[in-house]
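Full structure from sequences and hints, please.
Each chain is listed here by its residues.
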Amino acid sequence: GGQEGPDYSREGADTCLSCHEDASTLAIFRTKHAVPSDPRGPFGHGQLQCEACHGPGGEHAGRVRRGQERPAIPYFHPAGTATVEEENGQCLGCHNSGVGFGWHAGEHPVDEVACADCHQMHIARDPVLQTATQPAVCFDCHQAQRTETRKAFAHPFSQGKMDCTGCHSPHGDQVATSLVRQTVNDTCQQCHAEQRGPYLWEHAPVSEDCTLCHSPHGSNHPGMLAKRAPLLCQSCHSQFGHPSIPYGPDELVTGTPSRFLLGQSCLNCHSQVHGSNHPSGSKLMR
Amino acid sequence: DTSDWACEYCPFQQGHEGDYEVGASSVSDDSAYFGNATGYDEEGAYGNLDGEGSYASGAYRMVWTVEDLGLDSRVAELEGSHAGKFDYNIGFRQLPYRQFITTSSIFAEAADALFLPNGWVRAPTTDGFTQLGSSLVSRNIESDRNIYTIGGRYLAGSRFSFSLDYRRQENDGTKIQGGSTFTNASLLPMPFEYVTDEVDFAVRYGADNAFVALSWYLSDFQNDNTALFWEQPFTGAPGADTLAQAQAPESRFQQVTLAGGYSLPELRTVMNLSASMGQITQDTELLPYTINPNLATDPLPRSSLDAEVDTTNFAASITSRIFRKGRIKFSYRYDKRDNKTTQDTWNRVIVDTFPDAGEELNVPYSFERSYLSLSGDYDLFDMLRVSAGYDRRDVDRDFQEVASQSEDTGWGRLRIRPGSGFDIDLRGGASKRDVDNYDEAFAIATGQNPLMRKYHLAYRYREFGEATVSWSPAATPISVSLTGLFADDEYTRSELGLTDADEVSVALDLGWSVTESTSVYLNTAYDTLESTQLGSESFAEPDWRADNEDEFTTIGAGFNIREIGERFDLQLDYMRSEGTSKINLDSAADAPAQFPDLETTLDYLRVRLGFRQSERIEWNLYALYQTFETEDWALEGVTPDALPLLLSLGATPYDEEQVIVGIGFRYQMGAKSGE
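First to last, the protein sequences are chains B and L.
Counting along the first sequence from 1, when you hit position 248 you're at 250 in the working numbering, and nothing is skipped either side.
Counting along the second sequence from 1, when you hit position 159 you're at 221 in the working numbering, and nothing is skipped either side.
Heads up, some of the hints might be wrong.
[As the list claims (entries may be wrong)] Once the Cα atoms are required to be at most 30 Å apart in a straight line, the calculated BS3-like pairs of lysine-lysine come out as:
no., chain 1, residue 1, chain 2, residue 2
1, B, Lys34, L, Lys147
2, L, Lys644, L, Lys494
3, B, Lys285, L, Lys237
4, L, Lys237, L, Lys644
5, L, Lys402, B, Lys285
6, B, Lys285, L, Lys147
7, L, Lys398, L, Lys494
Keep in mind that the hints were calculated from the coordinates and are not lab data.
Structure representation (structure tokens):
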């Protein structure tokens, strides 16, 4: 005789819905996963409906003796015994060609992040796919980044107007920190293309890596700068004269105010700090 | 037999469903900081519309979102799909950027020019600006970014897909731009109007064990204004009454990427490859050396830069779980920026005042970076996983002090799961960045003190570590997570420049689902960034030292109670964030001195009360109280004429308070899930 297949429920979703009729479960029918005319989807003709993701439910839906604990559904149940990798395998069974390859190359599987840690299936609008609610999902694990975004000068995550996936690819990629473009600068310049140049007079660190001066998740300092000018600039510039002079508190407005320190500091004059396309702009003043 | 399962009781969506909220709110005060990204920048009443809806018919499905339609932060997005055949999206987002509403300017504005007011009397210093008081006009520093998107994907059978996405960003407004001469400077309210078009096109073939994708990316930046002209308010050099600087040049970036992946299920191994080639071009017409008619200049070596930067990116990785209890991962990445822009000799005119006697060559910076990583982990016991890895990063640059540098990093990690919902994750490591030679002769030729070591080029030894302890007991709906990390950078071979930088960050999260309808949370975090740098006023040995210390503390807490008396929901969120930056300066010439602390304090309290009048009608009452204060010596007291040689815009430190109260009427249309 042939081998017996997995023990599925008798009538599929109809069996499941005879008990699981709460609104939060039924919200699956407001999602792409529950389109009966999608032949590839769990509810397409001939597909396994709820058990496509949750696994064979025969035991779970079967009769239990009085006092016997009902066996858990195999996947995506708090009492289930499936490992993270096995549960992710349920998702990747369909989504492998889309996200699986990058996923395996990224850092999330190393940390045993489950697809269901971030994605909610039984909800019409998955919070991690909405700009306003996505950062909170990511910050559950990425606490240091949440801390930075709460600093006074940050991209508008707290206002719900920017999401992490504008810059990062959470399903993994081969770029450091899973950026959506090939380099840090390519990523920043999606929105800040005016800084791209290439300029006649380039500022070397700008051409190389925006994060040499900026803290992109947030900073105590305006412009998300890593440090206050002029000290930030003086970390690299030591030319004789005003670049190498220490500007102290006696040069605030309460003393002898210095244009090298106050207002925009170095940028009062060297305003083209990202580069200049002016023939006389080698000092980034034109 | 599962093949004939038909779900008679499945409440599949048919037709339109939606939730829409019409609201009105009152804002107590003008605020740049709180208007930033939200649109609540002015005192007064606001009307609003939010909502989301969907439509389904057979295999067709559409979902849409409208958000903040009455505000400058409005969003409207629509996605549609025919299951298994195609999907598409179209959207609009507006993002307001509000920086200062305390600024004022003397200049009248055109598209690319700033004019002095009639009757302006020039003077060598700001205290001679007799017309200043009567000429200042409030000028907000703000801009608006409009983002238009449209895209789609077509599935050709089960293996091929084609996708095309287009995004246009229109960003216009006013930004602060310094405009200087040899002795003085003005902070200018520079008008700008940028447009960026982006296109992503991809063809993808995906099978169970392999995929190949070929994609093309275009980013086209447009700026109609090649220059900013401004009339000089100070007494200047003869002929230098109107000055000009270049604006951001138009540029185009194109990139072609071929990516592929292959998996060997029997070996539990996945391989990925990606190769990109790109080109950035920029050919904006150059301005003359000066527009000062009194200065004779040589002709430009060329009328436009004709810049070309070629980019190459390559990446490969292999991840294998060939051992049942272990995983090994190898990855390699290579990035190259090859600036092929021709070098020429240029004869600079110094700030439109006098020609420079020397000649200058433009410096087209190029670099190559490679990054190799090898790591592995092994489940030593069920409760213990050990991991270790080695990374090497090499960077080659031209036209800089360091031609070649490398960084070696070793790290280890323990992940312990002792049971009872505990998860302990410990990791740490060290890296050493070395350089082949810090070329002091090159540094001297560019005017640098030969002892300076730029921090991204310098020798560095780094130690780093991170520890996370989390507890999520299965039986209790409580989660606790405590994370701490540090990085300690030592630039021990730097005599000038950054010599030391330390970072510490700690975060604690608590979450508790008290009942099915009640949850509370608390999170708090602290981080600090400390650094030391040395300088030399005498252009010799170090004779001054600056210590920076940035501290930041935040706390967030709140609760959410649903279905109070079956009809009410109550939600409260509170957040406070405090940043303090201390700078100490110790120089040979003066006694040690400490700057006044730079401080930022943000408070946020939001309460929302929801009332379900019926199954379809809900009312929302909400109140938001928020304050933001800064202590900032760079702005404090810097009125437009506070500095003799700087005409500023008079921006002040933030001291903003805002109360927003609002009411929303929410109506649900169509079937409810479960009906």
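Evaluated hints:
1. B/Lys34 to L/Lys147: 13 Å, holds
2. L/Lys644 to L/Lys494: Within the cut-off at roughly 29 Å; holds.
3. B/Lys285 to L/Lys237: The hint holds at about 21 Å.
4. L/Lys237 to L/Lys644: Measuring from Cα to Cα gives roughly 28 Å; hence the hint holds.
5. L/Lys402 to B/Lys285: 22 Å, holds
6. B/Lys285 to L/Lys147: 56 Å, violated
7. L/Lys398 to L/Lys494: 23 Å, holds
Hint compliance for this structure: hint 6 alone is broken.
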